[in-house]
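The listed protein sequences correspond, in order, to chains L and B. Under my numbering, the first sequence has 273 at position 273, and the numbering climbs by one with no breaks. Under my numbering, the second sequence has 82 at position 82, and the numbering climbs by one with no breaks.
Just so you know, these hints were derived from the structure itself, not from any lab. By construction, the Cβ of each residue, glycine as well, lies at the ideal position given by its N, Cα and C atoms. There's no promise every hint is true.
Pulled a few chain B residues facing chain L out of the computed Cβ check, cut under 10 Å [claimed, not checked]:
| no. | residue |
| --- | --- |
| 1 | T104 |
| 2 | I111 |
| 3 | F113 |
| 4 | P177 |
| 5 | N248 |
Label-pair ranges, simulated between beta-carbon atoms [claimed, not checked]:
| no. | chain 1 | residue 1 | chain 2 | residue 2 | range |
| --- | --- | --- | --- | --- | --- |
| 6 | L | L6 | B | T104 | 14 to 22 Å |
| 7 | B | A67 | L | V98 | 37 to 45 Å |
| 8 | B | I184 | L | L25 | 32 to 40 Å |
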Amino acid sequence: MLRYTLRRLLGAIPTLFLVIVLAFLLVHAAPGGPFDAERALPAEIEANIAAAYHLDEPLPMQFLRYLTGVMQGDFGPSYSYRDYTVSELIGRSFPVSVQLGILAMLLAAVSGISLGIVAALNRHSALDKIVMGFAMTGISIPVFVIAPVLVLFLAVKLQWLPASWTGSEGALRLVLPVLSLALPQIAYIARLTRASLIEVLSSDFIRTARAQGLGTAAIVRYHALKPAMLPVLSYMGPAVAAVLTGSVVVEEIFGIPGLGQLFVRGSLNRDYTLVLGVVIFYATLIVLLNLIVDLLYGAIDPRIRRR
Amino acid sequence: MISGAILSAIALLAVIGPWISPNEYVAADFGNILRSPTFSAGHVFGTDDLGRDLFVRTMMGVQVTFAVAIVASIVSLFIGVLYGATAGFVGGRVDAVMMRLVDTLYAMPFIFFVILLLVVFERNFLLIFVAIGAINWLDMARIVRGQTLSLREREFVQAAQLIGVSTPRIILRHIAPNLVGVVIVYVTLTIPQAILIESFLSFLGLGIQEPQTSLGKLVNDGTDQMEGASWMLLIPATLLAAILLCFNFLGDGMRDLLDSRQSR
């Protein structure tokens, strides 16, 4: 297990390095400098600005400086939010996004798995067809379509829930964003659970358990569920990535001051350092979460470790 | 197959709709601002907050959506097939390195890179298309490589090698044509992804720019106006959902068809 962990850990480093190099090069390939849009300044002042932001150094030096900074959690100053560093901006908005993300993932896992089990146990029934129809729709329809439509019906027409983050307090304002983020994932997890549970239920050891007189509930709980959860577990990595991407849109729609909103605002303002920092932050997060999923997978299924 | 029919109908409507409609997609009808859908005023889908006819705009959006689907798929097809076929055909260490790169790229959050790309460079039409295509080729490369591995061992490839045909030529002339079946199936599965990414970017205001429009942008406009003009949200949202749903059903159906043929 230790060797497996180490190998996975070492595998994650080149990916992260590649992310940083690519993102850095992309930003520095941009035509023009970050301060070109401002009024024409005397050459000395321009040189001073360039020196202050280390823009006068050769590119490899700048990269080394940036890389050392990133390792220490310092993404440099923001170009459009003066007086703030990128790290401060990320640190301030990230907790809100984490809250949303964790709630959405929990909701998605619990209801997705439950729906999948119900559908698998009642295969070819009307219930199964309804659940799978819902799942196909949920997978196809993007978050940025689900969220406004939910707001239109539940908040604007029926007035049951608050439509935006600001101007309301308490847990109620979380309901719509979390629901919009979770819906596609519920659909996907339900489909995965159903497919893999059906496969596991048709294997030999389940037949043996049945022959020994075990009821369906006991078979599912003690024998079938654990192996059936493996594909679902390996989907958790991509699911987290999808929730992160979705949160960009959801935060924009509901006006939630999280990381996604920061990212969109930064993109529209062409705040290079901010966007660069957030991209690297997101990438690190996804790579780390994938690593955790891999390790969990290895812990549950010993066969994986040997490969 | 119903999905295919619905898609064709939507595509047909998108092409001839703006042509037969009396309204221009940029022209504002100041007497009918935020008009709900009506036949009498000539605005079947209503108008938006600037008085522009929503039917024509929606159809323009559908056109952009299909254009993205086609261009992005061609780009991803091109890169994916060439990359996968090369890795599979050359094999050995080259294959190992090339597939390792694909695995590494898989772990990256590409959508954020596309956004970074759009921040850094001017937002133009073509760049968006190419960027979307360039991130969708990974699956294609994997599948094509798998197919090529088995094709490589076939007699006609060995015959070609024997008479001295060069490797690039074998890949292009002998391997690639035999991949068509698999590739078509996976293209139908990449198309909805490409549409999704384009409308996602346009929704955020990073994609198609005014006065051009796309379904994602229209959904965004509709979100701003939903309290007074729910049709501005519901019409493009329904269309986008229908298109994506149809493509997914089509792709799923075709994959099942192919799988059953393979297992037989």
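So, going through the hints one by one against the coordinates:
| no. | hint | verdict |
| --- | --- | --- |
| 1 | T104 | holds (5 Å) |
| 2 | I111 | holds (5 Å) |
| 3 | F113 | holds (7 Å) |
| 4 | P177 | violated (32 Å) |
| 5 | N248 | holds (5 Å) |
| 6 | L:L6 - B:T104: 14 to 22 Å | holds (18 Å) |
| 7 | B:A67 - L:V98: 37 to 45 Å | holds (38 Å) |
| 8 | B:I184 - L:L25: 32 to 40 Å | holds (35 Å) |
Going through the hint list in order, the structure does not satisfy hint 4, though it satisfies all others.
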